[in-house]
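Go by the hints and put chain E onto chain X.
There are 2 protein chains.
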Amino acid sequence: MKVQKVGPRAKLRSSHHSPHNHQILEKGYSETVNSGPGDPGRPSLRELVAEGSFLTGDGLVAYDRNHSLTPRINRDTHIIKVNGSVKKELNLNIKDLEALPQHEVVAALQCAGNRRHTMRTLQKEVVGINWLDGAAMNCSWRGPRVRDVLALAGVESPKGGKQTHVGFNCRSVPCEDDEYFGSSITLDAAMSDEKEVILALQRNGKTLSPRFGFPVRMIAPGIIGARATKWLDEITVQGEESQNVYQRRDYKILPETVQTKDDFLANDGAIWDTVPAMQETLINSVIAYPTQEETVTLDPDGMAEVKGYAIPGGYDGPVVNVQVSGDGGKSWVTAEFVGTATKFSWAIWKARVKLERGEKRFIWSRATDAGGNTQPEMSAWNIRGVGYNGYGDARDLTVL
Amino acid sequence: MKVQKVGPRAKLRSSHHSPHNHQILEKGYSETVNSGPGDPGRPSLRELVAEGSFLTGDGLVAYDRNHSLTPRINRDTHIIKVNGSVKKELNLNIKDLEALPQHEVVAALQCAGNRRHTMRTLQKEVVGINWLDGAAMNCSWRGPRVRDVLALAGVESPKGGKQTHVGFNCRSVPCEDDEYFGSSITLDAAMSDEKEVILALQRNGKTLSPRFGFPVRMIAPGIIGARATKWLDEITVQGEESQNVYQRRDYKILPETVQTKDDFLANDGAIWDTVPAMQETLINSVIAYPTQEETVTLDPDGMAEVKGYAIPGGYDGPVVNVQVSGDGGKSWVTAEFVGTATKFSWAIWKARVKLERGEKRFIWSRATDAGGNTQPEMSAWNIRGVGYNGYGDARDLTVL
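In order, the protein sequences belong to chains X and E. Per my numbering, the first sequence starts with residue 241, numbered consecutively. Per my numbering, the second sequence starts with residue 241, numbered consecutively.
Some hints could be false.
Given that identical chains are not distinguished, each listed pair holds provided it fits within a single copy or across any two copies.
In silico PhoX-like pairs for lysine-lysine, Cα to Cα no more than 20 angstroms straight-line [as the list claims (entries may be wrong)]: (1) Lys594 to Lys321; (2) Lys335 to Lys446; (3) Lys600 to Lys570; (4) Lys335 to Lys321; (5) Lys399 to Lys328; (6) Lys501 to Lys600.
Derived from the structure by calculation, the hints contain no laboratory data. This one's a predicted model, so the numbers in the text were calculated from it and none came from an experiment.
Excised from the complex, chain X in its bound form (with noise of 0.2 angstroms):
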């Protein structure tokens, strides 16, 4: 199999400064989006954790994060190619991945940008989309398990290859910044039994939409929404990761050395191969009620109610506490879930906390997930403000 190296297409240009940059408009796209509650204009967070809403809905509540426009596909005539290190390629459509064993998981999924104005604001100015803390979603999601489908093609071992990765693109859309869009995931984690990662026909019990992907992309639990190929029509067994710029270049949490984004260009982007790419989520909570700047009205006994969401570490689910602080970490609370978190969902949670009363008042949420992750207060600086997950916060909050 040949493995498409970065090309001369393939620089990093600054498309991620803005949600709605996009040149590229041809026949058969609608126009992409990218948005979501971090957006000016978007729904607020607090839509995320309203009451009933454990699935993450429709419309405007969840976020969408695309490097490409968003194409139409047929479903009918859609194929998915399975190729690469396999004994027998395959072409299959829709149908056939109906024809086979359907597998449910609920399960949050992650922009590794989610939480990037809070990473700019604490910290220092980053490179990227100015995602609030709403760029996640928690959804059931249907479908055929992907080891499943390589199974029907059998897997081989690929010639000289390191680590043998599964890639999944969509090479029917351009993208902004290489070809298409690929990603890969190690094939352990495709063919795990834990892991649970799925081609998703459906999502919430419904046929994906043009947005999420329509008719089919890969979900991995505990991965990056990244690595989830939306309008996926090849999956490639290969002997190194996916070359793809969005495997490759972007997405890494690169060092607190590279400071501008010159530094990251430096050398071609030398920095670039010495970082891996992003996978599994880090552990993660935010706050909903109250946000930044509002004004909180304490109850007699001087509380303030508290509301959020908490996302577990890679495969480390469920969360299974969250607590949350209204005098700077001197003392916490636990917190209680609505509803009950699995192993791949977030939890949504609520408290009461004292606080206060006066201007600049802050709430910290910090969420543990089974496997014994906790949140730090502040996670490290990188350039391109991704897999921030320091406390979950409201700040600058005037408390009457």
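Just chain E, lined up with the frame of chain X:
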């Protein structure tokens, strides 16, 4: 395959309080050790980070934790059974293991209870051996890969299995709390390219010594030491995790609602079934110079030398960054590494940090790995005091 259930002998006794409470002393066993830098009279933590100590040596430097006495095994007659859901049961001897391709991996091995003393001191009393910060070592391990052994036997899907595990047992020595010591990891982990699970015949280029598991032990980089069965004599492919006490009852991060030993023993220990067995290690760092209650003399610039080690979380290594604070987290300096950290190794680090003169001063360390995991200031308290990975700290310093 018949999975042994937790039987009447398998009650969790109070055997973790003392490192020297063993009643079993039978012919053929030497006295067990269960000791390390955390014990009174044992060598100090700083031997672990001494010059040239990137690989932890023999003698009293390396920690030792067994749940049985140390058996003296004849390597010429020792047999490792491979059974369970396999096409062909095997009886392998050490020469058979030596005849397989040998794989070498440098990996830190850490007791789940490392730093228990810190949890007990900073948070609340816990039940378990009073490990300080030295229940960890970093060694080069060499032996055949577990997956190569399993390939000889041929893995089959266990009947009625929920998740396939590979059990690693030592049946030749009775344990404190069960009839034998057993552990398991997922088949996924055992078969993984990247996880490098081996049957170690050598440590640091030499035949294992009895206290490290002679003639063969399992080593699973990224996973807590309790799964790394010493004196291995059985490998079992099974449809659920090991039913051994040390998998099913010990080494779990219980919820904070479990406040006393009675709580976790209530209803015949029903709480244990609701909590997953610990597997992956958590990002961690400790300070070896200075340590608790020491007197530190500042240099003319008002700076102190600080040195320690850091261990990455699970498969998310290497450690990429260690920061040190002498002012309670208001400012952090970046440590430099002594030598090079690899994916599963620890990092030995040092830094110079500004300190104020006076009593009761303290220093913090905080590590981040390539997966973006950062230590929390404090991790969640749990009755067994396992998985502590709050900031490394040197407390109660007198600074001159």
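**OP:** Up to 20 angstroms between alpha-carbons, please classify Lys594 paired with Lys321: within, between, both or neither.
**Re:** Classified as neither; 57 angstroms inside a copy, 59 angstroms across copies.
Original post:
Within a copy, between copies, both or neither: where do Lys501 and Lys600 come within 20 angstroms Cα-Cα?
Top reply: neither (33 angstroms within a copy, 43 angstroms between copies)
**OP:** If the cutoff is 20 angstroms on CA atoms, where do Lys335 and Lys321 land: within, between, both or neither? Let me know, please.
**Re:** Answer is within; shortest intra-copy Cα gap is 14 angstroms, inter-copy 46 angstroms.
**OP:** Up to 20 angstroms between alpha-carbons, please classify Lys399 paired with Lys328: within, between, both or neither.
**Re:** within (16 angstroms within a copy, 28 angstroms between copies)
Subject >> Same-copy or cross-copy closeness of Lys335 to Lys446 [CA-CA at most 20 angstroms] >> reply: Classified as within; 16 angstroms inside a copy, 57 angstroms across copies.
**OP:** Go through the copies and call it for Lys600 and Lys570: within, between, both or neither, with a Cα cutoff of 20 angstroms.
**Re:** both (17 angstroms within a copy, 19 angstroms between copies)
When held up to the earlier numbered hints, the structure conflicts with 1 and 6 and fits the remainder.
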